[in-house]
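Protein chains: 2
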Amino acid sequence: MSGLGFELLATDGAARRGRLHTGRGTIDTPAFMPVGTAATVKAMAPDAVAATGTRIILANTYHLMLRPGAEIIERLGGLHKFMNWPGPILTDSGGFQVMSLAKLGNIGEDGVVFQSHIDGSRHQLTAEKSLRIQRALGADISMAFDECTPFPAKKDDAARSMRLSMRWAERSKAAFEERPGFGLFGINQGGVYEDLRAESADALKAIGFDGYALGGLAVGEGRETMFGILGVAAPLFPAGRPRYLMGVGKPEDLVGAVERGIDMFDCVMPTRSGRTGQAFTRFGPVNLRNARHAADPRPLDEACACPACRNHGRAYLNHLVQAKEILASMLLTWHNLHYYQDLMAAMRRAIAEGTFAAFTAAFAEQQAAGDIEER
Amino acid sequence: MSGLGFELLATDGAARRGRLHTGRGTIDTPAFMPVGTAATVKAMAPDAVAATGTRIILANTYHLMLRPGAEIIERLGGLHKFMNWPGPILTDSGGFQVMSLAKLGNIGEDGVVFQSHIDGSRHQLTAEKSLRIQRALGADISMAFDECTPFPAKKDDAARSMRLSMRWAERSKAAFEERPGFGLFGINQGGVYEDLRAESADALKAIGFDGYALGGLAVGEGRETMFGILGVAAPLFPAGRPRYLMGVGKPEDLVGAVERGIDMFDCVMPTRSGRTGQAFTRFGPVNLRNARHAADPRPLDEACACPACRNHGRAYLNHLVQAKEILASMLLTWHNLHYYQDLMAAMRRAIAEGTFAAFTAAFAEQQAAGDIEER
Chain U
1 MSGLGFELLA
11 TDGAARRGRL
21 HTGRGTIDTP
31 AFMPVGTAAT
41 VKAMAPDAVA
51 ATGTRIILAN
61 TYHLMLRPGA
71 EIIERLGGLH
81 KFMNWPGPIL
91 TDSGGFQVMS
101 LAKLGNIGED
111 GVVFQSHIDG
121 SRHQLTAEKS
131 LRIQRALGAD
141 ISMAFDECTP
151 FPAKKDDAAR
161 SMRLSMRWAE
171 RSKAAFEERP
181 GFGLFGINQG
191 GVYEDLRAES
201 ADALKAIGFD
211 GYALGGLAVG
221 EGRETMFGIL
231 GVAAPLFPAG
241 RPRYLMGVGK
251 PEDLVGAVER
261 GIDMFDCVMP
271 TRSGRTGQAF
281 TRFGPVNLRN
291 ARHAADPRPL
301 DEACACPACR
311 NHGRAYLNHL
321 VQAKEILASM
331 LLTWHNLHYY
341 QDLMAAMRRA
351 IAEGTFAAFT
361 AAFAEQQAAG
371 DIEER
Chain L
1 MSGLGFELLA
11 TDGAARRGRL
21 HTGRGTIDTP
31 AFMPVGTAAT
41 VKAMAPDAVA
51 ATGTRIILAN
61 TYHLMLRPGA
71 EIIERLGGLH
81 KFMNWPGPIL
91 TDSGGFQVMS
101 LAKLGNIGED
111 GVVFQSHIDG
121 SRHQLTAEKS
131 LRIQRALGAD
141 ISMAFDECTP
151 FPAKKDDAAR
161 SMRLSMRWAE
171 RSKAAFEERP
181 GFGLFGINQG
191 GVYEDLRAES
201 ADALKAIGFD
211 GYALGGLAVG
221 EGRETMFGIL
231 GVAAPLFPAG
241 RPRYLMGVGK
251 PEDLVGAVER
261 GIDMFDCVMP
271 TRSGRTGQAF
281 TRFGPVNLRN
291 ARHAADPRPL
301 DEACACPACR
311 NHGRAYLNHL
321 VQAKEILASM
331 LLTWHNLHYY
341 QDLMAAMRRA
351 IAEGTFAAFT
361 AAFAEQQAAG
371 DIEER
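So the sequences go chain by chain: U and L.
Mapping of the first sequence onto my numbering: residues 1 to 375, in sequence order.
Mapping of the second sequence onto my numbering: residues 1 to 375, in sequence order.
The following block holds chain U by itself, in its conformation from the complex (with noise of 0.2 Å):
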């Protein structure tokens, strides 16, 4: 029945080490998809990206309807030509961007009726034109179109909020033309209420996707709960399928998800925070705007193998970085990108070998120790 093959390699406690095969490649999970917003990750070109070990990346059906329209896309020939991304994309379903960017006019049973971040003009999305929208662009997975339960919510909205999209779930998977190599992710729902997440992944699963998502998640209830959601949410989905952790996070973020089970991930974190000089590090965050890097001839990390760490000295970024350059967002983006797929690598490899609970214990020392400056 699926679009999408999932071999489940090791499990290590609960967290697992996979491949998902679209028509498009294979990808080692567990993985992190950089954000390609409008059809480029920023300050990166594509080559740059596949570099950094990336397989997968994520793109925006909200954003991409907007500008430049999906019909442009695909009469280019879908978002891999036009963008010159030739692995797989999972792009969203615009659901959430459209309650968070767009100027919401009315949320009804049918869909989101909304007015553009760009210029104003109006637009209506539903389960259908989202999958529609999915299809144009030529996504390699396709998202349920759902709605977003805020945070907070008490618990009648989220259960009303929850089922809603579950209906929409419904009506995605009737809407998606299926395709060997191509596959439907259902997003679970529920907000921070375990009954409401029990709930949810039983009408999925009824329904039956490629892969399960969790939604709503990382919208300020904290770590601690979310782990908690996590540690109670992933279990009951089936372990022959993926399980995507939407919008999630920072390194340990990552890491806690990936000991609860959870195979994919997207997050700007790596991207958003390069643009700004906020660096990830195996110590930990290095802020590179500080005015202590401005001597500072050693590269950001010794042991990382890109262009920023192997061509350039902290000194030389803090410099970009004050003086607003370009390079700097290049250097650290791609700095970020690199230093999250070898997280993700390092964890793949740690679940083969069965030593995770070693490597998280290692893993959390180690950002606790700090940058070079403060060992």
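It is worth saying that the hints were derived from the structure and are not from the lab.
Do not take every clue at face value.
Which copy is meant is left open, because identical chains are indistinguishable; a pair holds if it fits in one copy or across any two.
[Unchecked claim] Straight line, CA to CA, 27 Å or less: simulated DSS-like cross-link-like pairs of lysine-lysine:
(1) LYS155 x LYS103
(2) LYS324 x LYS81
(3) LYS205 x LYS103
(4) LYS324 x LYS103
(5) LYS81 x LYS103
(6) LYS154 x LYS103
(7) LYS173 x LYS324
(8) LYS154 x LYS205
Position chain L against the provided structure of chain U, taking the given hints into account.
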């Protein structure tokens, strides 16, 4: 006497094909030097700059003395190491930028007092200080400290300004530490007055430099006037030394100046234009912001081997420019530098083959043909 070797390989009319030898490598002339103002060619990694065919870049004494400071760069091993550019670097003297960017205090016989455009701090530049900074940066080619005569300037003012620059040129020569593989260029001034240009050339030749630059042009006098000055001034310099036209220019300026005997150029045109959506092509400039490209799958130039042309269509470039994506600046800067370096290579071949007149005729015809949409 010279720290830099220069071979004149061929001439075709006044056009010259040569080779300038520095301690960090050989530069085929006519050569274009991209501008790396603040120790970065904006929106380009150093390996990308080299991939465009660039052999030498320019860096700005004024910007670097203010941020991060010449002392820091010197302590870190010099500009080449700081920015990871192993090839030759020419540094300007700071004279031009201090007058165009800083809040000027007194300009006297000794030099210039000014306030930083970054933080308002007070600084002084003299010939001796400029040469000391250029040495600290590690410049392969240093420039004499000069006053860029404003345009328009009355003849008396142009003469007074030029003669001040000639006294500073003498002090620059005295302050320059001669070392094999490193060189100092003098700067010809005199505004649009041919006799002042000749007086200035005589003064510079009497001092003796590794190369001779033409300053104070492309400041509003118009192309024909500039070409007129070049026609008169270029032959005033020794045939065995390189001639550098500062701050020029558009592709047609480069061709016309090479035709008049110029060997070296620098200009922000290709990099700055790349950041505003303007591309230079065989068929003239193309504004990628224009909506006529929005659904055009064709490359910017199907004959160009740069990543923007090889990997993407005009529709994508238009989208990136519209969405103000950093990748737009990256791709269009790369394209423009690639085009500029291709143009220089084509001129070098034509001069070597004795077909420069045919080249300039074909160049003018192609540029006049306009972009593919108009053909």
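Requested in this report: Of all the hints given earlier, name the ones this structure violates by number, lowest first.
Outcome: Per hint list: 3, 5 and 7 violated.
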